[in-house]
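**Student:** Sequence:
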Amino acid sequence: MVRNTRPLPLGGLLVPRNGNLYTRCRSDVVEGLRLESFGSGFLATTEAPLSLGTWPYIVLAFYLVGLLSLGVVSLLRSRRATSAETDYYLAGRGQGVIVTSLTIMATFFSSFAILTFPGWIYEGGIAPMLYALNLPVAAVAIYLLGNRIRRIGRKRGYITPADMVTDYYGDSPALRIIIALTGALYVIPYVVIQIKGGGLLADGLFQEIEHVSIFGWQITMEDAGVAALSLVTMIYVIIGGMRSVAWTDVMQGIILLSAMVLSGVAVIYALEGPSNFFARVSSELDGSLLTVPDPGDTNPHNVWKILTFCAFASLASIIQPAQWMRFYAARDSKTLRRAAIAFSTILPVCFIFGVFLVGLGGRVLYQPEMIDGVVHLPDGSKTDQVLIHVIQDYFPEMFGTIGLVLVSLILVAVMAASMSTADSNLHAVSAIVTRDLYHPYRKKSSERERTWIGRLVIIMATIAAATITFAGKDLRGLLDTITAFFFLAMAFSAQLVPITFDMIFLRRGSRWGAIAGLAAGLLTVCLFPPLGKLLLGGEGWILKGTTTLKGLLDAGLCGIIVNVAVFILVSFFSPRPEKSHREAFARDLKEVS
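According to our numbering, the stretch in the sequence shown is residues 1 to 593, in order.
Please keep in mind that the hints were generated in silico from the structure rather than gathered at the bench.
Incorrect hints may appear among the rest.
Result set (DSBU-like, lysine-lysine): computed pairs, CA atoms no more than 30 Å apart in a straight line [to be verified]:
{"hint": "1", "residue 1": "K544", "residue 2": "K533"}
{"hint": "2", "residue 1": "K544", "residue 2": "K155"}
{"hint": "3", "residue 1": "K590", "residue 2": "K155"}
{"hint": "4", "residue 1": "K382", "residue 2": "K550"}
{"hint": "5", "residue 1": "K155", "residue 2": "K382"}
{"hint": "6", "residue 1": "K334", "residue 2": "K443"}
{"hint": "7", "residue 1": "K544", "residue 2": "K334"}
{"hint": "8", "residue 1": "K550", "residue 2": "K533"}
{"hint": "9", "residue 1": "K590", "residue 2": "K579"}
{"hint": "10", "residue 1": "K155", "residue 2": "K444"}
{"hint": "11", "residue 1": "K155", "residue 2": "K334"}
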C-alpha cells in the first residue's frame with residue numbers, strides 16, 4: 001500500500017526576496033506540477049520533485065551485507081585468539097589509531113550530531129553551539145584518564161569498569177553490583193531508545209511504504225526497521241564482538257563525519273558562497289538567535305547549564321562502560337594519545353564547519369513555522385530534519401547522479417548510526433552481566449563459557465528492547481519510564497567520576513565511601529525530572545527544587561556534589577585500602593607501556 005504523502009520541498013524555484021536576495025519557497029505538488037508559493041499566488045514549474053528511486057533500497061542492502069561481512073571477518077580473526085574473553089570483549093587489546101579514534105567518536109556522538117544538533121541551532125540560534133565545548137573536555141579526559149585506565153587494565157587484565165574499581169577498593173558484592181547498576185542505568189535506556197530511533201528513521205526513509213506483509217502479517221515500516229536493524233546488529237555483535245563493533249563504527253563514522261562536512265558545504269553553496277552566507281544570516285535572522293542567553297535566563301540553552309553540561313556530561317560520556325572498555329582495547333599509550341588528538345580536532349571541525357552552518361543557513365533557506373507554539377520547518381516537519389532537507393535539496397544539484405547515491409548513503413547511515421550506539425551498549429551490557437554478575441557467583445566458569453553467556457545476554461537484551469518498541473502503546477508506561485531514564489543517562493554515568501579521579505589521582509577514599517557516594521549520587525539524580533515526576537507523582541517541594549536546579553545546572557553535577565560529600569564523609573570514618581596496595585596500584589597506573 002502506498003501512502004498519500006506530500007513530498008518534501010526539494011529543489012524548489014528560487015524567487016526574489018527584498019529586491020536582491022533569494023530564498024527557497026515552500027512548494028506543493030498538484031497533478032504532477034510543482035507550485036512554488038510566493039505571497040498569495042503560485043508560480044508553476046514543470047520541475048518534478050526529487051525522487052531517490054530505488055537507490056535507498058540498493059544502498060541499504062549493500063550496507064547491511066557490509067555489516068554482516070565485517071562480523072564474519074571478525075569471527076574468523078577471533079579464531080586465532082589465545083584468550084576468548086579478552087578477544088571477544090576487547091579485540092585482543094590490539095586496536096590501532098584509526099579504529100580506536102573512530103569507534104570512540106562513533107560511540108560518543110551517534111545520530112545526535114547529524115540530526116538533533118543542527119535542529120537545535122535552527123531553533124535556538126548560536127547558543128547551542130557552546131555544547132561543542134564538551135569535545136575538547138572529552139578529548140582531555142581520553143588523554144589523561146583513558147591512557148591510565150588502559151595501562152593498568154592491560155597490566156592487571158581488566159575487562160569492565162567494575163574490574164578496576166573492585167580491584168582497588170576491595171571486591172565486595174555490594175560494590176560490584178552498584179557499579180554494574182550505574183553502568184546499566186546508562187546502557188539499557190540507550191539500547192531501547194536507539195533501537196526505537198532506528199525504526200522511526202527507517203519509517204521516514206521509506207515513506208512511500210505503509211506496511212510490509214510477512215506470512216500474512218502486516219508490519220509497519222517502523223516495526224520492520226526495528227526488526228531488521230535489531231537482527232543485523234545482534235548477529236554481527238554476537239559473532240564478532242568488540243572487533244566487529246569497532247570496524248562497523250569505522251565505516252559509519254567515516255560516512256557520518258563526511259556527511260557533516262558536506263552538508264555544511266551544501267549550505268554555503270545554496271547561499272552562493274561564504275560572504276553571502278554570513279551576510280544573509282546576519283541580516284535575516286533575529287538578533288536573539290545570534291546572541292547567547294544570560295546565565296540566569298530560563299532559556300534551555302543558558303550559559304551556566306551548557307558549561308556544567310560540557311564539564312561533567314562529557315566526562316560521563318567518556319567513562320561510561322562502552323568507552324571505558326575501548327580504553328582497555330587500545331594497542332598502546334601512543335594509540336590513545338593520538339586518538340585524543342584526532343578527537344579534539346576532527347569532531348570540532350565537523351561541528352563548526354558542518355552542522356553548525358547547516359542550522360544557521362537552514363534557518364535562512366527554510367523559513368520556520370510555529371505549530372502549537374513549537375518551531376517547525378516550513379513543511380511541518382520537526383527541526384531535527386533540517387540537515388536531511390539540505391542534503392536532499394542540494395546534493396543532487398551539486399553532484400548530479402552521484403548526489404542521489406550520496407543522499408541515500410547518508411540517510412541509510414543516519415538510520416544505522418542509531419544502531420552504532422546500540423551495538424556498543426549491547427556489547428557493554430553483555431560484559432557487565434557476564435563479568436560483574438555471573439562470574440563472581442560462578443568462579444569456576446571458563447572463559448569460553450562466559451563468552452557464550454555474554455552472547456546469550458546480547459540475544460535476550462535485543463529481544464527485550466525490540467519487544468518494548470514493538471508493543472508501543474500497549475507498554476506505553478514502560479516506554480515512558482525508559483525514556484525518562486534515557487534523559488538522565490549521562491547524569492547517572494557521571495556518578496563514576498569521583499571514584500575514577502580518586503583511583504587515578506588521589507587514592508584517599510574507602511570501599512564504603514565509594515558505595516555510599518555512588519548510592520547517594522544515583523538517588524539524587526533520580527529526583528530530577530523527568531524521572532522525578534514518575535517517582536514523586538509530579539508534585540512536592542523536592543520536585544520543584546530539582547526542576548529549578550535543572551534549569552540552571554546539569555543534573556549530573558548536582559548528583560556529583562552529593563556523591564563527593566558523602567564519599568568524603570564515609571571514607572573519613574572507614575578504612576582505606578592498605579598503603580602497599582595503593583602504592584602498587586599507583587605504579588601500575590604510571591608504568592609506561
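**Student:** The structure should be examined with respect to each hint, and the outcome stated for every one.
**Tutor:** Results of checking the hints against the structure:
1. Note on K544 and K533: the hinted pairing holds, with a Cα-Cα distance of about 10 Å set against a maximum of 30 Å.
2. At most 30 Å may separate the alpha-carbon atoms for a hinted pair to count; K544 and K155 exceed this at roughly 48 Å.
3. A C-alpha spacing of about 11 Å is found between K590 and K155, which places the hinted pair at or below 30 Å, so the restraint holds.
4. Taking the CA atoms of K382 and K550, the gap is about 25 Å. The hint holds against a cut of 30 Å.
5. As the CA atoms of K155 and K382 are separated by approximately 49 Å, the hinted pair breaks the 30 Å bound.
6. At roughly 35 Å between alpha-carbon atoms, K334 and K443 are farther apart than 30 Å, so this suggested pair is violated.
7. Our distance criterion of 30 Å between C-alpha atoms is broken by K544 and K334, whose separation comes to about 48 Å.
8. A hinted pair counts as satisfied when its Cα atoms are at most 30 Å apart, and K550 with K533 qualifies at roughly 13 Å.
9. The hinted pair formed by K590 and K579 meets the criterion: a straight-line CA distance of about 17 Å does not exceed 30 Å.
10. The hinted pair formed by K155 and K444 meets the criterion: a straight-line CA distance of about 22 Å does not exceed 30 Å.
11. Restraint check for K155 and K334: satisfied, since their Cα atoms lie roughly 16 Å apart, inside the 30 Å limit.
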